[in-house]
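In the order they appear, the protein sequences are chains A and B.
For the record, in the first sequence the residue sitting at position 185 is 185 according to this note's numbering, with numbers rising by one throughout.
Position in the second sequence counted from 1, then plus 1000, gives you this note's numbering.
Source of the hints: derived by calculation from the structure; they are not laboratory data.
Cβ atoms here follow ideal geometry from the backbone N, Cα and C, with glycine treated the same way.
Since no wrong hints were added, every one of them can be taken at face value.
Covered stretches of chain A, going by a simulated chain B footprint (3 or more residues, C-beta under 8 angstroms): (1) 53 to 61; (2) 374 to 387; (3) 392 to 406; (4) 409 to 417.
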Amino acid sequence: MALKFTFPSRFVSPLGFLGMITFVIFIILGVTGALLMLYYEPILDRAWDSVKNINDVIPYGFHLRNIHYHASNAMVMVALLHMYYQYFSGRYKIRNEILWVTGIILGVLTILEAFTGYDIIFSERAELAISIAASLTNSIPIMGPQMAQAFFGGGFHDFVLRFYAFHVFLLPIAMLGLMVVHFPRFLVFDIPMVMAISGAIMLTGGVFPVDMGLKFDPNVPPGITVPEWYLTGLYSFLRSAYDKFTTGVAWPGLFIFALLIVPFIDRYKKFSWKDRPIITAVGITSLAQIIVTTYWGFYIDPDRTKSLLERLVIDPVFLYLVMILLVPLSFGFTYMMIKLARNAEANAKVQPKKPSTKSSINLTEKWIYGIFIALLVFQVYLNIAAYYAVLNGMKNYSLFIIGIMMLVFAGMFHIFRHGKSMQKAPPPKPTLPPMPAKAKSPSLTKTGTPETPQITAGTKELENSVAKENTVAPSAKGSTPSASSGTSASTSSTSASSSVQSTTKTESTGTQSEQKIIADKKE
Amino acid sequence: MAQEPSPKSGGKVSRRDFIKLMAAAGTVMTFAVFADWGKFLPPPKQQSGERQKVELPDGSQANVKSFPVNHAEAVIFPKSTDPVLNKESFRTWQFIRLPEELGGKKNDVSSFRMYSMVCLHLWCLWKYWPQDGRKRGECPCHGSMYDPLTGKAFAGPASLQAPPSNVLPRLDLEISSDGNVWIKPPNWSPNGNGVVGFGRFLT
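Please model the complete structure; the sequences and the hints are all you need to start from.
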């Protein structure tokens, strides 16, 4: 297998991974969702029972449901972070506007996907959410009632069936289509990162297993119910008891529209957030408002002696006053941050450059093997623990353990990569011109191993390196979009890289230079 | 660290191979846990150890005194609380009171038979035909015929199948003092009550 996993040298920040993580979570959601479809029944009076069956009876149904649920939350969160990172780093410029616009639409679809997902359980909360969504659609002037009928059908029976159709087919298909356009220039795919994310999702599922909610019963009025966290911001506006079209449709619509046109308003010629004060300030404002309203939507006065009206309704004057107050605060905060960043930059220029404090952990080969074997033993233990957890019906504990296993695998992969980079000559430098392998062998004999049959050893070395290139090549080399589908390295690149490798090998005779190259690669 | 890999001789594993081997072991150890997740796919079976009444399509329980001779009804077993599951063909059984010449007149359990309605050939649903000259189970798909006395296929494609796939699964019955017919808890194995869609060894 010749999988190519490229470490993103272009991305200075690990936040550059966020887009890839969103996509990976999308895949996880697709797989777990497809499996859940085997047992879920989108019928009004069977939906909740079928989910309960998955959760309680079907082996590993609990695991898959929890992974699906927590991955959906993670996807919304990671997509949001991805958007803000791209926003503050100005990456929607230089003809990347289409990526930004499709990204915003993808984000909206992601939230709709998550929303339809938690509605088709048809618990009490889902019933409220469906009713609110339908009533908001209904409130749109002129076309509203027709739209509500067209999208959601005539009643709960239609709602469940149609939300299911949206959730498992229409929205994902639309998202896949948009992803084709949204496809980034550099696909960054990093196995340890993927495994760590999967592990984190499983860990979360093990620690905070999602509950079932109460089955919706029209005869029992529901209690106070709050939507998922990505909708509480909107919910706080709805709770201000102002006109429902304005608060529930116009405000979020305006927010999405503002995001869509950002790249066409931002006329700054620079990328950094420090050089785009107004845009940065607007971003900080939106972030502050989102955080405040998200919390506000969750907050319900715990005083049960008060009436529900008093506890639930947010005074619109208070709410909008706070929203307006956040604008100057955020602008001031941005001004302060830019000032501080500028000062820090100036100080850094004035002061003499400190010697590089970048420390690298240098493990000897023995230690690498030792750690690897220790991790393997730990994996064996975790396997046994997970098995017994399942046998004893401790589902969330087994999910937790499997999450740890994923994380351990991520660590193992790191060590494997480190060990390989120590054994192997560093990857070819792209500046070196490719030379035919034959021409290089004489030079090898000059500086190669000072012992015994030099030419044979050299050629053998070369053969080995060629074979190595053919069989395992997780080396950082090139950046093809099909990072996970390659079957074998192309022959031309093999010969070129092997020759280059031999040259670098001749250069690095001592351990010192090799370590330096490894350190270079790490940066 | 920067040593050349030792030449492969004497069956020694080189360092490069060793770390690869460990990486493979780590991958196997990580994903081994997911092998058990395959249990998600087949639906879990629930088995009740209680006898169940022979509930006729009209909702009444079959009774020795009222059930006519040379007559058959479709009965659901095991009956689920979920009405959808009661539509499964694999839960459908033919409850037969044998014709007079086969001993159906006796008011005891020997005059009743209960066979799976799933034909052993290609899983169509057969039924019992009480007309004169037939008095046997017939499958509408490929014409397999079943002997109501034993459940053995005597003609058609099902009769050509090797045992146990030529004898229908059969449920054991018992009759309480008031004459009601009950189904005893089955043993789903070819040597016991048989496997629906697969067959039973005739003992």
